[in-house]
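Peer 1: Below are the chains, spelled out letter by letter.
2 protein chains.
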Amino acid sequence: MPEPVFILVRPQMGENIGGAARAMLNFGLDRMRLVEPRDEWPNPRAVALASGAGRILDNAGLFETVADAIGDCTHVLATTARVRGLTKPVLTPEQAMAEARAATDAGGRVGILFGPERAGLENEDVARASAIVTVPVNPGFFSLNLAQCVLLMAYEWQRHGMAPAAPAELDRATATEIEKLGDHFEERLGTAGFFFPEARAPGMKLAIRNMLSRLALTRADVQIFHGMLRQLTRQKAAPAASDEPET
Amino acid sequence: MPEPVFILVRPQMGENIGGAARAMLNFGLDRMRLVEPRDEWPNPRAVALASGAGRILDNAGLFETVADAIGDCTHVLATTARVRGLTKPVLTPEQAMAEARAATDAGGRVGILFGPERAGLENEDVARASAIVTVPVNPGFFSLNLAQCVLLMAYEWQRHGMAPAAPAELDRATATEIEKLGDHFEERLGTAGFFFPEARAPGMKLAIRNMLSRLALTRADVQIFHGMLRQLTRQKAAPAASDEPET
Chain X
1 MPEPVFILVR PQMGENIGGA ARAMLNFGLD RMRLVEPRDE WPNPRAVALA
51 SGAGRILDNA GLFETVADAI GDCTHVLATT ARVRGLTKPV LTPEQAMAEA
101 RAATDAGGRV GILFGPERAG LENEDVARAS AIVTVPVNPG FFSLNLAQCV
151 LLMAYEWQRH GMAPAAPAEL DRATATEIEK LGDHFEERLG TAGFFFPEAR
201 APGMKLAIRN MLSRLALTRA DVQIFHGMLR QLTRQKAAPA ASDEPET
Chain E
1 MPEPVFILVR PQMGENIGGA ARAMLNFGLD RMRLVEPRDE WPNPRAVALA
51 SGAGRILDNA GLFETVADAI GDCTHVLATT ARVRGLTKPV LTPEQAMAEA
101 RAATDAGGRV GILFGPERAG LENEDVARAS AIVTVPVNPG FFSLNLAQCV
151 LLMAYEWQRH GMAPAAPAEL DRATATEIEK LGDHFEERLG TAGFFFPEAR
201 APGMKLAIRN MLSRLALTRA DVQIFHGMLR QLTRQKAAPA ASDEPET
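Residue numbers (this note's numbering), protein chains in the order written: chain X, 1 to 247; chain E, 1 to 247.
Heads up, a few of these hints could be off.
[Said to hold, decoys possible] List of simulated lysine-lysine pairs, DSS-like, C-alpha gap at most 25 Å:
| no. | chain 1 | residue 1 | chain 2 | residue 2 |
| --- | --- | --- | --- | --- |
| 1 | X | K180 | E | K88 |
| 2 | X | K88 | E | K180 |
| 3 | E | K180 | E | K205 |
| 4 | X | K205 | X | K180 |
In short, the hints are calculated from the structure, not lab data.
Please build the complete structure, drawing on both the sequences and the hints.
Peer 2: Pasting the structure below:
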């Protein structure tokens, strides 16, 4: 399955390379490239920190220049907090990954550049990208580290690939089950003299039906309520006014 | 401005509390509560790691139980990777923060529970939430740490508060400027004998106009092209066939 390539440009700390690998793999991404890492490569500290995501490092390509690393990419995005004198579209991670998905679906290969820990990407790197990606952080406080930047981009990639978001379905009770539960409430409450005065009974019953329908009850919830109703009236030693089976 | 409260339940490492504070502040969130942190509080390691986000720790409320910590919350969400025997809606971070925004806009107070580093939230904690939030990670690899979970939730909160996403506008050239640039191309290329054979000239000219319109050129790009055209024909010592001002 095609996926974007995450390109770490001149990363300094091996720990951060390992952390970036783990961040990627959380969201199923495993193609990494490195341009001029500061320290030796392979880097034992990167391996230690990648725990479980080591194969990303094993397969990571090592390149001497950004131009080499992006050579086979049809779309290149540069993550940077600052745009310095370059005219380039600035995208949010959301927009960037929507574009990346579209480009990938169309058969393209997307490369995403991440700069070194402190300095960030140089203008020479950014100039090779078609667009800039900037995480919209608090203007007064920016402290995202390399692995966190990678994490947010990987998360957005995954988010755009998910099926249209729909809350996971619970085992919801059917309307008939809710209706029968309402009947049970009315019956037990009626026996207990709850609907008083009689003139207000219809409104009170309607309010209960309305509430039960609004609660999004599951089948298990319904069973719990049935059991509670039975138990409550039994404890009060009220005469069994229902033919509900006792369990 | 109302915002959700991030509640760290039984956090173990002070470093992670500090990291969570920094992650929050990146996205403008600064309300943290702590339930039974393992170590002393205030925690010097938390303060050291929070660098720049220390005021979040200074203002963090300390609570003995989850019930106390969520006491004034109208909506409670529990972040957990595993749902263990509890019937509860499971939301993505996106869905959860859309709900949190809606609840906050309606005057509610949202609390979001984060479990301890390894064990995660207990069922007793989760049972107090109205819904579960699960980051949809790679089923075969989950390694999000506490600060990363906090980061993703804070990011989603911020994302849902942003104005509808529109790529930042560049200083795009007007159609007239593009038209004049096309004229300049045709003139210089015509002088250079580019449009040959003559029968193909109309198609060639159309292709150039089409390309120039598609490129989303800025005003600066247009000026660069004008300058290039002038310079290229000057270098070839072609007779000046244009009244374009030389610069």
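Peer 1: Take the hints in turn and mark each one as holding or not.
Peer 2: Now the hints, each set against the structure:
For the given pair, K180/X sits about 23 Å from K88/E by alpha-carbon distance, which is consistent with the 25 Å threshold. For the hint pairing K88/X with K180/E, the CA-to-CA distance comes to about 23 Å; that is within 25 Å, so the pair holds. Distance restraint check for K180/E and K205/E: the Cα-Cα separation of roughly 13 Å lies within the 25 Å cut-off, and the hinted pair is therefore satisfied. Between K205/X and K180/X the alpha-carbon distance is near 13 Å, which keeps this suggested pair within the 25 Å criterion.
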